[in-house]
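**Q** Protein sequences, first through last, are from chains A and B. Its first residue numbered 1, the first sequence is counted upward by one per residue in the numbering used here. Its first residue numbered 1, the second sequence is counted upward by one per residue in the numbering used here.
Hints are computed from structural coordinates only; laboratory data are not their basis. Do not rely on the hints blindly, as some may be mistaken.
As the list claims (entries may be wrong) - A few chain A residues facing chain B, derived, Cβ under 8 Å:
id: 1; residue: P176
id: 2; residue: R178
id: 3; residue: S192
id: 4; residue: C321
id: 5; residue: A345
id: 6; residue: A350
id: 7; residue: S351
id: 8; residue: V384
id: 9; residue: L388
In this text the structure is predicted, and so the values were computed from the model without any measurement. Ideal placement from N, C-alpha and C gives every residue a C-beta, glycine not left out.
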Amino acid sequence: MGDTAAGILGTDEGIEGIEGVERFGPDRPLRLDSGAALTCFEVAYRTYGVLNADRSNAILICHALTGDQHVASRHPITGKPGWWSQMVGPGLPIDPQRHFVICSNVLGGCMGTTGPSSTNPATGEPWGLAFPVISIADMVRAQAMLLDALGVRTLFAVVGGSMGGMQVLQWAADYPERLFSAVIIAAAARHSAQNIAFHEVGRQAIMADPDWLGGEYAAKGPRPEKGLAVARMAAHITYLSEAALQRKFGRELQRDGLSWGFDADFQVESYLRHQGRTFVDRFDANSYLYITRAMDYFDMSAAHGGVLAEAFRTARETRFCVLSISSDWLYPTAEGRAVVRALNAAGARASFVEIESDKGHDAFLLDEPVMRAAVQGFMDSAAVARGLA
Amino acid sequence: MSVAALETAAEAAAQAARPLGAQREDFREILRLVRPGSRVLDVGCGEGLLLEMMTREKDIDGRGLEIRPDNVAACMARGLAVVQGDADRDLDHFPARAFDYAVLSYTLQQARDPRHVLGEMLRIADQAIVSLPNMGHWRVRLSLLLGGRMPVTKTLPDPWWATGNIHLCSLRDFTDLCDELDLRIDAAAALSGGKPARAMDARTQAANLMSESALFLLSRRERPPPSPQPLAGDRGDLFG
């Protein structure tokens, strides 16, 4: 699978990996849950490490809402290290020296995989809102087609946090025979009313931006950056705990004294504005609408007759590791436990740990020693069972 | 090093070794008891030693419940399927009669609601294997009678203010609770001071007086006896 050295050698900037784009034509259409189909689409991905001779060491990493395929290497736009450099790299739980690591940009995304900002082959214009509404299952179906194209039949593991964890659950429901193990971090088997509510705030912020133009901004003018930035600001609050925000910013001011106006007096305001401003450089507003919609539609229990355990009936041979974060109020521990309860009811092999951290949902992206130890132990023992170690 | 310091060090070493030694004694009996290939839930499985032994030697299909995250991580590193949770609250993670055995090793006395825990174990599993220290043991009685203090013994090594044991009982107390919950004692064995376990009739005064701790195999009376059905007391080889 290409250049070994480039895939393995670590540098200060993360590991290099190999970038690729798989193009699917009318001979390989993607059938969507909505009933529509995409007859021409692309999946952009990055791989690290080498697929072994018996093709048993592949790990698929599923990214979160605003993540992308650059999981362990420098981001081409922001220049920042890979978003999961704490988990993926030499000597880490997901190790390109031992595993063939694949991460693809999700369907509907804006980092190379087909989404609403891609060109609609029927019109030659960007899709905009003509792009079909997609689901988490559609994203997973596209990933499975990519793996087929890469010659990867079975996965040693599929791993993801947040929306990535939802994809892992969907993998277990739809392709259990292709999974040896599954790691689900800070995720849920359905979106709650509160989850949907926050996403709706973000979508309304985007659609209220005059530059959004009914989703046709790409062809006509400036992008709806203000709306997308506000969406990001609101969402970002949900990724942090109250304690983490308080510790980081408290009521600290940007300058001496109040402005008696509406500048960013408080450091927390300045921080959120910065988060919003930098986000628009790397993300597309319509992608944000489509992906948040896919998350809101996600409800694995409803898709299985109201009984979540039914989703996992055929995944009894898969080893599951479910982790939650104690201060995560976006996907709280109760959601992780509901998944574990269903896995146990289905007779699957499930382990569960609540990671003690006051850093909120985003702790899954940070270096949490207990989380890393749990994933490391789980992956190592699974590797022994799979004959990889 | 002074004699006193040596004694203190020896005492500390003995204290440290005791809980593990006591556990291994009941581990050996539990290991002997479970049928090969059976489904076992270890409630309060710690770092997963017993589950690992049962998986290796009896080819069981095992699951665990453990309260400490670091212990759960250790279990995962052993390749075990263990859920972090509390026996009092989280046994509802497991569906009815999903297991042949639910094991509770020296943990019942730490439960907030031992009745509920026992009931849940026998909802989840056909049989429960429970080991517990016996407050009816003569040494405990003597210690309280002569010393006038809460007993500190091999199986109860912590002082009253540090112990997690909040629901201690004697064998008589325990068999009374089994009757009240309509549980059948399929087998019982006395565990004392590292000696091989002896099958016993847990309802006798002698058993209550002479057993430091005990191991029970329990099932619900309303259910037909699981087969092969061990008979309490008359099968010495069952527990060794």
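**Q** It remains to establish, for every hint, whether it holds in the given structure.
**A** Results for each hint:
{"no.": "1", "hint": "P176", "verdict": "violated (16 Å)"}
{"no.": "2", "hint": "R178", "verdict": "violated (20 Å)"}
{"no.": "3", "hint": "S192", "verdict": "violated (20 Å)"}
{"no.": "4", "hint": "C321", "verdict": "holds (7 Å)"}
{"no.": "5", "hint": "A345", "verdict": "holds (5 Å)"}
{"no.": "6", "hint": "A350", "verdict": "holds (6 Å)"}
{"no.": "7", "hint": "S351", "verdict": "holds (5 Å)"}
{"no.": "8", "hint": "V384", "verdict": "holds (7 Å)"}
{"no.": "9", "hint": "L388", "verdict": "violated (13 Å)"}
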